[in-house]
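Following the hints, put chain B in place on chain A, whose structure we already have.
Spelled out, the chains give:
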Amino acid sequence: MPPRTGAYAGKAMTYLDHAATTPLLPAALAAMTEQLGRVGNASSLHASGREARRVAEQSRERIAAAVGARPSEVLFTGGGTEGDNLAVKGLFWARRTADARRRRVVVSPAEHHAVLDSVEWLEKHEDAEVTWLRVEPSGRVTPEALAEALGDGTDVAVASVMWANNEIGAVSDVAALAAAAHAVGVPFHTDAVQAVGQLPLDFAACGADALTMTGHKLGGPVGAGALLLRRDAECTPLLHGGGQERDVRSGTLDVAAIVGLAAATEAAVGDRAARTARVAALRDRLVAGVVEQVPDVQLNGPALDDVLPDGTPGRLPGNAHLSFPGAEGDALLMLLDARGIECSTGSACSAGVARPSHVLLATGADAARARSSLRFSLGHTSTDADVDALLAVIAPVVERARRAGRG
Amino acid sequence: MRVIAAMSGGVDSAVAAALAVEAGHDVTGVHLALSPDRQTLRSGARGCCSVEDAHDARRVADALGIPFYVWDLADRFREDVVEPFVAEYAAGRTPNPCLRCNEKIKFSAVLDRARALDFDAVVTGHHARLAEGELRRSVDAAKDQSYVLGVLTRAQLAGAVFPLGGMTKDRVRAIAAERGYAVATKPDSHDICFVSDGDTRGFLARRLGEQPGPVVDAATGQTLGTHSGAYGFTVGQRRGLGVTAGDQRPRYVLGIEPVSRTVTVGTAEQAEVDEVLTGPASWTGPVPDLPLRAEVQLRAHGTPVPCTVTADGAGGLRIELDLRQRGVAPGQSAVLYLPDAERGDLVLGQAAVRAARDRVRETLPV
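Just so you know, the sequences run in chain order A and B.
Taken in order, the first sequence gives residues 15 to 421; the numbers are from my numbering.
Taken in order, the second sequence gives residues 110 to 475; the numbers are from my numbering.
Pulled out of the complex, with its shape left as it was, chain A reads as follows (with noise of 0.2 Å):
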């Protein structure tokens, strides 16, 4: 590893990015080190593979308890993006063989990309027939929104809507979601990769036939996740193999992983209210702080203190997305970047071209925009420091990228 040079040398970063990853706990890691020092396959019947599936079936155990969920409805799997694709594939075509009527996927265009291009592709080599629900300005979708684009249910296949934002922060009101979907018969997913650990989440309380929940989002390790599975949700399998997780998910458990996920999650869950309290008021005086100095700047999502019908936040708690305009998103990545400071303009191609936020633009907003926008995400390590390493440059360099927006 070369030495870093330039503005990069010798400094320490301030990581506001946590809606991109988040630092691994301690608990995980301490539990996952323990794990990696053994040997044993979780599917063996001798003694070492027995271990490896009692630490396995006791991280299912724990990960239940902490979400709301039996044990036998938390199936693992690779993280976020194989959820996703798990449950509006394999829903799909679930219920889609059952009845060769219901090929119709009702889904929010503001979801993460994992699930919007599952949805795309059903659409393009499943003859699978999209309906796009419509997204209030503040990146939620209502359960009339959803009413409405079911009809009577009798030709929908899966209905999926996303708990919390990646992007926004804006939180939909899932149980009313869910008991939408479920009034006229249709299965329903919920992404909420953004939402355990960051908001009050029961699964058998929401109603949700399925939910996707990773690691890396948490303080879990990259690479390992759950699907929340009813038990009575029908779901065709994407991998198969040696019938591992209800025949649903084949494939050698990564103990490793998984009992970092559990520990992560267990811990997440377990501190919520504190944890989330104290970053909703950092998140609060980064935003005011930045408001202050660049007054013309636009909050995206919904507004820092909303709630919900029942009374819990209807923003995640860590999440300020901001338009800067007459400033590109890149531009001023690049400028906080070297001057330390980490953020995200949301989706990147696979080359890394910065694109504009898909979510934004899905809220009615204008491209330009969306072109103008930041997402700065606090979560468990982040302290008053990064707010104020923050806010003693973002005057300058919002000032330096508008001039580069001119230019």
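Don't read these hints as lab results, they were simulated from the structure.
It cannot be assumed that every hint is accurate.
[Claimed, not checked] For each label pair, taking beta carbons as the anchor points, the in silico distance ranges come out as: (1) A:ALA112 with B:GLU319: 51 to 57 Å; (2) A:HIS127 with B:ARG310: 36 to 42 Å; (3) B:GLU319 with A:ASP141: 32 to 38 Å; (4) A:GLU134 with B:ASP306: 26 to 32 Å; (5) B:ALA423 with A:GLU134: 55 to 61 Å.
Being a predicted model, the structure only gives us computed values, none of them experimental.
Beta carbons: idealized from backbone N, C-alpha and C, even for Gly.
Just chain B now, kept in the frame of chain A:
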């Protein structure tokens, strides 16, 4: 200096970035995404626009320990390079898109953005020498790229750094190999980066459609056949005309008339010219006094020709060639040099070829 190294993913820009780092500059690597429809993997030796090329550039930036970003300039590239390229062919001219890209993208859009973001200059892997504001040919005559830089102005050159002008291509590859860059043996890119299959005529046909017209022989006045689009021809072209003259002697394209879509061909003698008329000139430095004795290069890999340059009285230049030339195509740049064997020929500037003629023949009755 704080500099942007434009990194295509090729060996030249990799070594240029490395030399800039070693010279003590604060370097940030930038890969330009110029195509809206990027291929995942590189095909053949063309271009620098695949995701694989971006990956190659990123790995060199990793090795150098410099920050690396991808800048999306696909819209600007389409507006300023691809569309004018198509329009020039449609108008019967032969454009040079690399020169246009240097003028409008690398040393305009990129340099302007770099300057606005507090950088001083853009480093590229072009083979040309640039010292004290003077642009000169590379020491490697075979790889010299001063022709496609001849369009740059003094202000643009003030924000350019070309670290490779003083070394041969072999030396560039050797430096890359010494450092273990995977791109050390990557083939040179050639042809036009946005014509990914190398078939320029096919690319133009897709954009402009079938536009049949006659091929007329200037030697006999006869129509020798038809073509499917005048944009498939370049003045001076001999191969692929698809017609045979009665005398069995080779024919060359003499002219392209876009309205009637007439492609005029003629004999080798008829294709020769000794005077070039151009549009307005741009200069790399102070505007020289005219008339001027210089050398002119009339296409990317052309041989320089001694000439006398005067004003044409209409805002352009009249370039009288000491040696008759075949195939001087309107739309190409006439790049003017002051020969200097020791320090490298000095690039004075350039102007787009408007017309070329034979001074003696033009005065004769047809």
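Here is what the structure says about each hint:
1. A:ALA112 with B:GLU319: 51 to 57 Å: holds, 52 Å
2. A:HIS127 with B:ARG310: 36 to 42 Å: For ARG310 of chain B against HIS127 of chain A, whose Cβ atoms are near 38 Å apart, the range 36 to 42 Å holds.
3. B:GLU319 with A:ASP141: 32 to 38 Å: holds, 37 Å
4. A:GLU134 with B:ASP306: 26 to 32 Å: holds, 27 Å
5. B:ALA423 with A:GLU134: 55 to 61 Å: Roughly 57 Å apart at Cβ, these two residues keep to the hinted range, so it holds.
Comparing the model with each earlier hint shows no violations; every hint is respected.
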